[in-house]
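Engineer: As a plain string of letters, each chain reads:
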Amino acid sequence: MIPTPFVLSCLPETPSQTAGPYVHIGLIPNQAGFDIFQNNFSGDIAGPDVAGQRIVIEGKIFDGAGHVAKDVLVETWQANAAGRYNHPADNQKKSLDQNFRGWARTGTDFGTGLYTIRTIKPGSVVGRKGRKAMAPHVNFWLASRGINIGLATRMYFGDEEAANSQDPVLNIIEQPERRRTLIAARSERDGAIVYTFDIYLQGDRETVFFDI
Amino acid sequence: MTPEAEFHQRDRDLHPPAYTPVYKTSVLRSPRIPLWSLQNSLSEVTGPTFARDELGPLDNDLINNYAKTGEAIGEQTIVHGYVLDGNGQPVSNTLVEVWQANAGGRYRHRNDTYIAPIDPNFGGCGRMLTDEHGYYFFRTVKPGAYPFRNHVNSWRPAHIHFSVFGTGFAQRLITQMYFEGDPLIPYDSIIATIPDKSAADRLTARLDLNASRPLECLAYRFDIVLRGRRQTLFENKLQGS
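These protein sequence lines map, in sequence, to chains A and H. Using our numbering, you'd call the opening residue of the first sequence number 1 and step up by one each time. Using our numbering, you'd call the opening residue of the second sequence number 1 and step up by one each time.
If you're looking for bench data, these hints aren't it; they were derived computationally from the structure. Treat the hints with caution; some may be incorrect.
Unchecked claim - Below, computed lysine-lysine pairings styled on BS3-like, alpha-carbon distance capped at 30 Å:
hint, chain 1, residue 1, chain 2, residue 2
1, A, Lys94, A, Lys129
2, H, Lys142, H, Lys197
3, H, Lys24, A, Lys70
4, A, Lys132, A, Lys93
5, H, Lys24, A, Lys60
6, A, Lys70, A, Lys94
Work out the full structure: start from the sequences and follow the hints.
Structural biologist: Structure representation (structure tokens):
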């Protein structure tokens, strides 16, 4: 098939619908309470052969009344330790880590509401059109009952103050206090580096969500 | 990143808004501050890719992929179609995941307490990669309708949940597919979150007699359209890479 080089966008996108309360069945069946696939996707993506500093990202997700949302699907997408995405559109001259896809999936816990991602800290990625570098960040995508269309946001690292202050995305957010909703605090626990990233779906502390 | 890799802006009028009081759970889970519009960077135009060997041979056969003592009970059904982008180009090798209730309307989920029985031979989930033409196919049993606590007499029409990736994280989509002719469709609070009637109607799969297997099962056709990139050439390069 010979592609036509300049086709206008012509087909309307399929509309989104909520992932519903049973999203776990399809996407994280172990959390739904059964075992069906041989290979399961997970929130633990820092395998032994992956290069980079091991980190834990964890947090809770709050609704507009301050309740913890205990049935949310959390997916993350990030660059490797060198700051390159494992994808053909990333043509930065940085090393690719074949052991690292960069994508994690988990759910908030039915009991505690906590989600946990075990990964590596990503490097800095070049910004749009090759200008300014973006500060290290992890892209988040949330879906659940009550969320009609997946919510996109980003997590930045609290110990990257200098890079964060130059980040072209954080800097388009007009109010500095809203930028802070995207910055995860670093702590250490039992020898592990933990970044705490709580997400507020609504209310006084509403997290910045992006139309990407 | 080349400008060709960018996605066309999402037409949000085709989607449900975040806040839809007709669907009560959305009220407290909907951001009220407008989304910040973000031009695409590498973070949005890239996304995870999946390999065929990550999936098992029965992953797209919901009639057999959880079989313990026999096949799942219900009306055996084929669901198939194409994943395309907004430019009409096939989205090949992309992961499609599905989940659903069993034929009685019960989900295999620790939080589902509906009176319909669990089918010991039905898990209710499947997954597949599209082929080079963007085509996907799976076998299942037709799900039953079931009640949910929106209003005391709210019933969901029979539906299958779909999760699709595309080639960039900005294309990520979760939706639901309905069955042509289901009398519950006009009463459904979830479909009603979509203001555009013709957009909502595209979630109804059509009976596809040509794809049915005579004396065995009926088929339904459901095509999925993801956002298009600014240049179709980019897509073709991706497929060849």
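Engineer: Hint by hint, note whether the structure agrees.
Structural biologist: A quick look at each hint next to the structure:
Distance check on the hinted pair: A/Lys94 and A/Lys129 sit about 17 Å apart at the alpha-carbon level, within 30 Å; holds. A C-alpha spacing of about 25 Å is found between H/Lys142 and H/Lys197, which places the hinted pair at or below 30 Å, so the restraint holds. A hinted pair counts as satisfied when its Cα atoms are at most 30 Å apart, and H/Lys24 with A/Lys70 qualifies at roughly 17 Å. In summary, the hint linking A/Lys132 to A/Lys93 is supported, as the alpha carbons are separated by about 16 Å, within the 30 Å threshold.
Restraint check for H/Lys24 and A/Lys60: satisfied, since their Cα atoms lie roughly 22 Å apart, inside the 30 Å limit. For the suggested pair A/Lys70 and A/Lys94, the alpha carbons sit about 38 Å apart, so the restraint of at most 30 Å is broken.
Violated hints amount to a single one, hint 6; each of the other numbered hints is respected by the structure.
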